Structure formats: structure tokens, C-alpha cells
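Chains as they are written, first to last, in the numbering used here: chain X, 1 to 174; chain W, 1 to 174.
Calculated directly from the structure, the hints in this document are not laboratory data.
Source: prediction; values computed, not measured.
Be a bit skeptical, because a hint or two may be false.
Since the list gives no way to pick out one identical chain from another, each pair is judged satisfied if it fits inside one copy or across any two copies.
[Claimed, not checked] Derived lysine to aspartate or glutamate pairs resembling DMTMM-like cross-links, with alpha carbons at most 20 Å apart:
no.	residue 1	residue 2
1	K73	D46
2	K163	E100
3	K163	D102
4	K163	E99
5	K39	D125
6	K163	D125
7	K163	E77
2 protein chains.
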Amino acid sequence: MRQIAFLLVGIAMVAGIVAYMLPAFGQTHGETAPIFVTKIPLGYRDFRLISVAHEEGNLNSLGAVLGNDVAIKAYREGTLPYPNGTIIVALHYRHAPSEENDRIFGRAQSFVPGPPTNIQFMVKDSQKYAATGGWGFGHFSTDGKPGAEALMRTCFPCHAQEKARDLVFTQYAP
Amino acid sequence: MRQIAFLLVGIAMVAGIVAYMLPAFGQTHGETAPIFVTKIPLGYRDFRLISVAHEEGNLNSLGAVLGNDVAIKAYREGTLPYPNGTIIVALHYRHAPSEENDRIFGRAQSFVPGPPTNIQFMVKDSQKYAATGGWGFGHFSTDGKPGAEALMRTCFPCHAQEKARDLVFTQYAP
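Just chain X, same shape as in the assembly (with noise of 0.2 Å):
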């Protein structure tokens, strides 16, 4: 009796081992939780101009798209995938009316960017962020509070309809 029960005990300490393990295993290997940016990277406001952007209806949006070091050398390069160390920024800002222009320019036709809505990141490391095709996504919104995981969890299924460009729909304005 004593005996079965140092079994039971040993199969429930393996059981456990076990099951504590699979989380840890599934990880390395990308079938668990996607893994986010949740740091805003150093200097993004220094970065160099990809392109620009404008989103109409509930976005709204008129925004700027800029690179680091690597992320332009791949782009005016061509390089694809994007190597790791390569980092996107986008920076959205409500599409405004400028009062001030459209009464230079005598007619309504002026937007520039209104308050800031939010930042969003691409960041690369094929290791890190394997689960999600190798880019880390961020996304901060003006109080630099990243992204709900709810939101954050639709990035790489949208980005991932993108596979000819390596997830990055954004191209590089000459």
C-alpha cells in the first residue's frame, strides 16, 4: 500500500514536471503566445523617412514611416527578408485641417498632422520573436502605455497576408 502510493506520488510529480515544461518547450518553437515590443526603442524619432501614409474613415490618420540604420540600407537595397536589428516606426497623427494654409492657398484643401494618436513598431529578430513570423509588433499609444494584448494579438495575422515583402506592407517612398 505504501509502495503504490510512493508511485502515485512519483507519477503525479512527473505529470507535473511534464506539464510545467510543455509551455517552456512550445515557446522556443513558436506554437505559444506571440511575444510584443513593449519597450519603445531608443532614437525612433532620429530614424530616416520610409514614407508616408494617410487613412481615411474611423483611422483617420496622416502619419510618417521611418527606419533605422538597417531597415533603410534593406530597403534601398532591396534585402529581403529584413535582417534582424531592423526596426519600423510608424507615426500617426489625426489628419487635420490647416486653417493657417487654406487661407494662404484662398480654398480648403490643407491637412497636416493633428495631435498624435499613437506609435507603432516592427522590430526584427528571427529568434525572439519566431512565434510571429520573426518581427516583433508594438504599439504605444501617446502616454507610451503599450498595446492591449486583444490588439496586439491582430497584428501578425494582418501582417502575415504580406509574405512576398516579409510582413511589412509599407514601401519605400524615392
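Got chain X; can you put chain W on it based on the hints?
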């Protein structure tokens, strides 16, 4: 008779020198033709972001405004007037719908840079460009040719309306 001849030659020489000097004198006081930027400044595509801009109407333009190091420093520190050496460049593109983005968003809302249209510069040199508020204005079409004089003469009178910000319309996007 010979003395009168010498005198006349002398008067003619002085008059000639005065006539020769007058335009130069006028130029240093900004009273003659404005000077425009006729050579594209080197490295402008590596300048950092000041802001972005969208113009509807005839311009139908999506653009980025970049600045060299002197410009970015002045913008961030609020330095007015902008120091000599400031270079501001506006890269203009057609405001073009992105069918690819619209397909992914599931509706028509996304606009990106289409074909480039022109590149415009403001270069600060308070001596060289004294006739136009210390700014040299430049406009280059996609083939690199500078704008015709009739077009170039429209820059300063328009920018001169923005005296409070040293003739610069574009404000810094955070």
C-alpha cells in the same frame, strides 16, 4: 584743349565705375532680382523628419518635410529666425489610393505616395538670399531641372505672409 580732353576722359571713367558698381550695391541691399536655389543640396533624402503634409485640390499631393541637422535642432529648440545653414526640403508625391491596403482593410481608405511630382527647398543664408528674407527657394521637377523664374518668383511673396515663424509654414510633428 588737351586738359579738357583729360578731364572728359576722367569724368567718363568715374561715371563708368559708378555705373558698374551700382547693381552690386543694390544686390547687397536686396533691391535687385532674387536668387534661387539652382542646385539640389546633397544628401537631402537622409535628412530627418519635420512633418508630413496632404494637399487636396489641384495639388493632390502627399508629402514629407525633412530638415538637415541645423534645421532639426532649430525646430526642436524653437530657434527663430532659423540659423544660416538651415535646409528644409519638401518631397512631394501624388496622393494615390493603395489598392493593396484597401483590400486588406476591406474598404477604400488608404492613400500612399504615388509618383514623385517635385522637390522643394528652403535654404537659409541671410547674406546670399537677403532679397528674399534670407531664404533661398528651390523647386526641382522629377528630372532634376529647377523651376522656371516665373514660378520661382511666387515663393517669397507667399512665404512672406508667415513672418512670425521666419517664413516657414511647416511646423514640427512630435
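Each hint, compared with the structure:
1. K73 - D46: both (15 Å within a copy, 11 Å between copies)
2. K163 - E100: between (43 Å within a copy, 13 Å between copies)
3. K163 - D102: Answer is between; shortest inter-copy Cα gap is 17 Å, intra-copy 41 Å.
4. K163 - E99: between (41 Å within a copy, 17 Å between copies)
5. K39 - D125: Classified as within: same-chain Cα gap 15 Å, cross-chain 41 Å, threshold 20 Å.
6. K163 - D125: within (17 Å within a copy, 48 Å between copies)
7. K163 - E77: within (18 Å within a copy, 42 Å between copies)
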